[in-house]
Amino acid sequence: MKEELFEIVEEPIQLQDLVAKVTRREAGAITTFIGTVREWTKGKRTIYLEYEAYKPMAVKMLNKIGDEIQAKWPNTKVAITHRVGRLDISDAAVMIAVSSPHRKAAYEANEYAINRIKQIVPIWKKEHWEDGETWIGDQLEQVPYPEGKPNIKDELS
Amino acid sequence: MIKVLLFAHLQEEAGSNEVELELDGMTVSHLKRELQQRYQLSEMDQVMVAINEEYALDEDKVKNGDIVALIPPVSGG
Chain C
418 MKEELFEIVE EPIQLQDLVA KVTRREAGAI TTFIGTVREW TKGKRTIYLE YEAYKPMAVK
478 MLNKIGDEIQ AKWPNTKVAI THRVGRLDIS DAAVMIAVSS PHRKAAYEAN EYAINRIKQI
538 VPIWKKEHWE DGETWIGDQL EQVPYPEGKP NIKDELS
Chain S
1003 MIKVLLFAHL QEEAGSNEVE LELDGMTVSH LKRELQQRYQ LSEMDQVMVA INEEYALDED
1063 KVKNGDIVAL IPPVSGG
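One line per chain: the protein sequences are C and S, in this order.
Under this note's numbering, the residue at position 157 of the first sequence is numbered 574, and the numbers go up by one with no gaps.
Under this note's numbering, the residue at position 77 of the second sequence is numbered 1079, and the numbers go up by one with no gaps.
Check each hint, because a few of them may be wrong.
Said to hold, decoys possible - Incomplete in silico selection of chain S near chain C, CB under 8 Å:
| hint | residue |
| --- | --- |
| 1 | Leu1007 |
| 2 | Gly1027 |
| 3 | Glu1055 |
| 4 | Gly1067 |
| 5 | Pro1074 |
Stated by the list, open to error - Partner residues are not named here, just some residues of chain C that face chain S (Cβ under 8 Å, in silico):
| hint | residue |
| --- | --- |
| 6 | Pro473 |
| 7 | His499 |
| 8 | Ala510 |
| 9 | Val511 |
| 10 | Val538 |
| 11 | Pro539 |
| 12 | Trp541 |
| 13 | Trp552 |
| 14 | Gly554 |
By construction, these hints were calculated from the structure, which means they are not laboratory data.
Just so you know, even glycine gets a beta-carbon here, dropped at the ideal spot from N, CA and C.
Isolated chain C (complex conformation) (with noise of 0.2 Å):
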């Protein structure tokens, strides 16, 4: 069976599953991500929260994203899975490993790879908060699109 690096779930992320993935003999190094559903923001309470995707896309999009990485950083390797559905608090919404023959390849891969999620990834989460519902525009609050659209080039420099 092919190995999927990146992938969109619907059922609990297993982060051995992702290691596995990227470990190679000729790597010295592997860093992971983990992101999780947080109880309490800025003073309000989640009680859960509801990941959708425009699944196809999001797909193509984090393989993208695994193409902008291996430009940026010849000969890492990276796996990237995110959750959808429903997520209690703690509940982990996205798994990133990197590998990479030395350390801070895959330390700035692996950041790289969270941050570019947030931008293009057709990803959405419903907060279900204690007094309430909202779909969050992005988690930053930033303007969403500054440009009027995500940054879809790679940012190579």
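Place chain S on chain C using the hints.
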């Protein structure tokens, strides 16, 4: 026919996750206005459009058979 997919708050406002429309040859910006009016959609100025799973520009045109998605600001992660 053009299939239009709706997500997040747009889906709730339209009361449907997809609609089919005869809008062949319309530009993306025209299409957004049209959909906004038909379905009383809010906050459309920050909504991106994807045609066949690729982000599109305002001046791009849709054609029969395209799958168009209205993409509100994303919030994954």
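Tested hints:
1. Checking Leu1007(S) against chain C by beta carbon gives a least distance of about 7 Å; that is within 8 Å, so the hint holds.
2. Because the beta carbon of Gly1027(S) sits about 22 Å from the nearest beta carbon in chain C, more than 8 Å, this interface hint is broken.
3. Because the smallest distance between the Cβ of Glu1055(S) and any Cβ of chain C comes to about 4 Å, under 8 Å, the interface hint for this residue holds.
4. Checking Gly1067(S) against chain C: minimum C-beta separation of about 16 Å lies over 8 Å; hint violated.
5. Because the beta carbon of Pro1074(S) sits about 7 Å from the nearest beta carbon in chain C, less than 8 Å, this interface hint is met.
6. Because the closest C-beta pair between Pro473(C) and chain S is about 6 Å apart, less than 8 Å, the hint holds.
7. At its closest, the beta carbon of His499(C) sits 6 Å from a beta carbon of chain S; the interface hint therefore holds under the 8 Å criterion.
8. The criterion of a C-beta within 8 Å of any C-beta in chain S is met by Ala510(C), whose closest approach is roughly 7 Å, and the hint holds.
9. Taken as an interface hint, Val511(C) checks out: its beta carbon lies about 5 Å from the nearest beta carbon of chain S, inside 8 Å.
10. Here the hint on Val538(C) is kept, as its CB sits about 5 Å from the closest CB of chain S, short of 8 Å.
11. For Pro539(C), the suggested interface contact is upheld, since its CB lies about 5 Å from the closest CB of chain S, less than 8 Å.
12. Given hint, Trp541(C) at the interface with chain S, holds; its Cβ is 4 Å from that chain's nearest Cβ, closer than 8 Å.
13. Here the hint on Trp552(C) is kept, as its CB sits about 4 Å from the closest CB of chain S, short of 8 Å.
14. Nearest Cβ of chain S to the Cβ of Gly554(C): about 4 Å, under the 8 Å cut. The hint holds.
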